[in-house]
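Undergrad: Sequence:
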Amino acid sequence: MRPAALPMVLAALVLPVSAEAEQAESILGEWQQIATNAGACLTCRIAFRTGGRGIVVSANNGWTATLARTGPTDLTGDGHWDPQGRGWPTGRAFTIRFRQDGDRLAMTMVVDTGTGQRPTVHATFVRSWQGV
-16 MRPAALPMVL
-6 AALVLPVSAE
4 AEQAESILGE
14 WQQIATNAGA
24 CLTCRIAFRT
34 GGRGIVVSAN
44 NGWTATLART
54 GPTDLTGDGH
64 WDPQGRGWPT
74 GRAFTIRFRQ
84 DGDRLAMTMV
94 VDTGTGQRPT
104 VHATFVRSWQ
114 GV
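Numbering (the working numbering), first residue to last: -16 to 115.
Hints in this document: simulated from the structure, not taken from any laboratory. Just so you know, not all the hints are guaranteed correct.
[To be verified] Pair ranges (Cβ atoms, derived):
(1) H105 - T53: 16 to 26 Å
(2) G99 - L11: 31 to 41 Å
(3) V93 - G54: 10 to 20 Å
(4) T96 - C24: 13 to 23 Å
(5) R101 - T47: 18 to 28 Å
Cβ atoms here follow ideal geometry from the backbone N, Cα and C, with glycine treated the same way.
Hey, can you work out the whole structure from these sequences and the hints?
TA: What follows is the structure in structure tokens.
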């Protein structure tokens, strides 16, 4: 290999990692719910952070999930609702998928009710900013 080609090879190896890290970081932080099929919730928020096994998302209304990136704009994972919560999803497990489209984040959550029924919750989120 010619010495002049070495920087190009190194850049080709580093750029995919940098793009993936940038994409992962773009979802981190707090998001505010703006739409859902589960009833309006003006105070519902979710927050993404890095965790030991991937990205962890937690909601201020009592659920948490661990996610893995499954595409450039997609994350999927499993989670559970707080067993001390209220309402029909209390203590239930679920699968979840997020798809980021620009400044919007679409969520699909399929809840395991234990009865064979699997209600699906759809929600849309936007970045949550101070003072909003």
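Undergrad: Confirm or reject each hint.
TA: Evaluation of the provided hints:
Distance hint check: the CB atoms of H105 and T53 are about 18 Å apart, consistent with the given range 16 to 26 Å. At roughly 36 Å, the beta-carbon separation of G99 and L11 lies within the given 31 to 41 Å, and the hint holds. Our hint of 10 to 20 Å for V93 and G54 holds, since their Cβ atoms are close to 18 Å apart. Evaluation of the 13 to 23 Å hint for T96 and C24 yields a pass: the beta carbon distance comes to about 20 Å.
For R101 and T47, the Cβ-Cβ distance of about 19 Å falls inside the hinted range of 18 to 28 Å, so the restraint holds.
In the structure shown, no violation is registered for any of the earlier numbered hints.
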